[in-house]
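**Q** With our numbering applied, the sequence shown covers 1 to 265.
In short, the hints are calculated from the structure, not lab data. Don't take every hint at face value.
[Said to hold, decoys possible] Distance ranges between label pairs, derived from CB positions:
no., residue 1, residue 2, range
1, G161, G17, 33 to 41 Å
2, R174, E214, 19 to 27 Å
3, H43, A3, 49 to 57 Å
4, C8, S211, 46 to 54 Å
[What the hints assert, rightly or not] Using 30 Å as the maximum straight-line C-alpha spacing, the simulated DSS-like pairs for lysine-lysine come out as follows:
no., residue 1, residue 2
5, K178, K166
6, K213, K41
7, K41, K26
In this text, a Cβ means the ideal position worked out from N, Cα and C, and glycines have one as well.
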Amino acid sequence: MSALAVLCAFMVVLPLGLILYHLLSKGIGSVDWNFFTQLPKPHGETGGGMANAIVGTLELVALAMIIAIPIGVFGGIYLSEYGSEKVNFWIRFGADILNGVPSIVWGMTAYAVAVVPFGTKSAYAGGLALGFIAIPLILRTTEEVLVLVPNAYREAAMALGIPRWKIVSQIILRTAMKGLITGVLLAMGRIAGETAPLMFTIHGNMYWNHSLKEPIAALPLQIFNYATAPYDDLNRQAWAGALVLIILVFLLSASVRIFASRRRG
């Protein structure tokens, strides 16, 4: 049984190892300084990079977090500290359903809400789509982290006559801060590689973006466009972009592990 367990664990890790090996073999040759500092070249020309797409991805994730963190954290606080059992059940049920909604549906929703009324795709629309995906994840993570704070902290503070809002803001949230950061990083890793919502909302851009009201480049979307282009150099850059994106998600996941281990310690 031990050997069977080891075999099953190996089979789980094997596809990840093969993916990483394939990305390294295909993409490492195109990852250089120009890749991180230069704009894309016109189709058919060799060279260039994905600097605008890397910066665009960071901008979109930042916009998504501006939307998702307040809603998700305050929603989690309500579930943990204020909500009734009946209301909480339906909020959790809705959040769990939203966690399973395909990302392309969120892209269509953001398209209807933020693209059609204004007549143009934009960074705002892309950030909104990614924010929709992150909200239920942050909400449920926040609730779980706050529930783990011992009730003795709440009871001791209430015995001293401290108002409820101060108990939550000064004691509960501070105690659970590392867990909250872990949940936010987990949500960032979840949305950083999303492509389908961005196809409906940001359009893409071959140049630097100077306004969030305009189309913007993003690493996942540019990888998709390059991978389907009929030019070998763009295909190679698509592999390099995929490698960089995997490394970015890996760093976010590693940060989650670090914060989680420190919280347990």
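**Q** Honestly, which of those hints from before does the structure not fit?
**A** Checked against the structure, the hints that fail are numbers 1 and 2, while the rest are satisfied.
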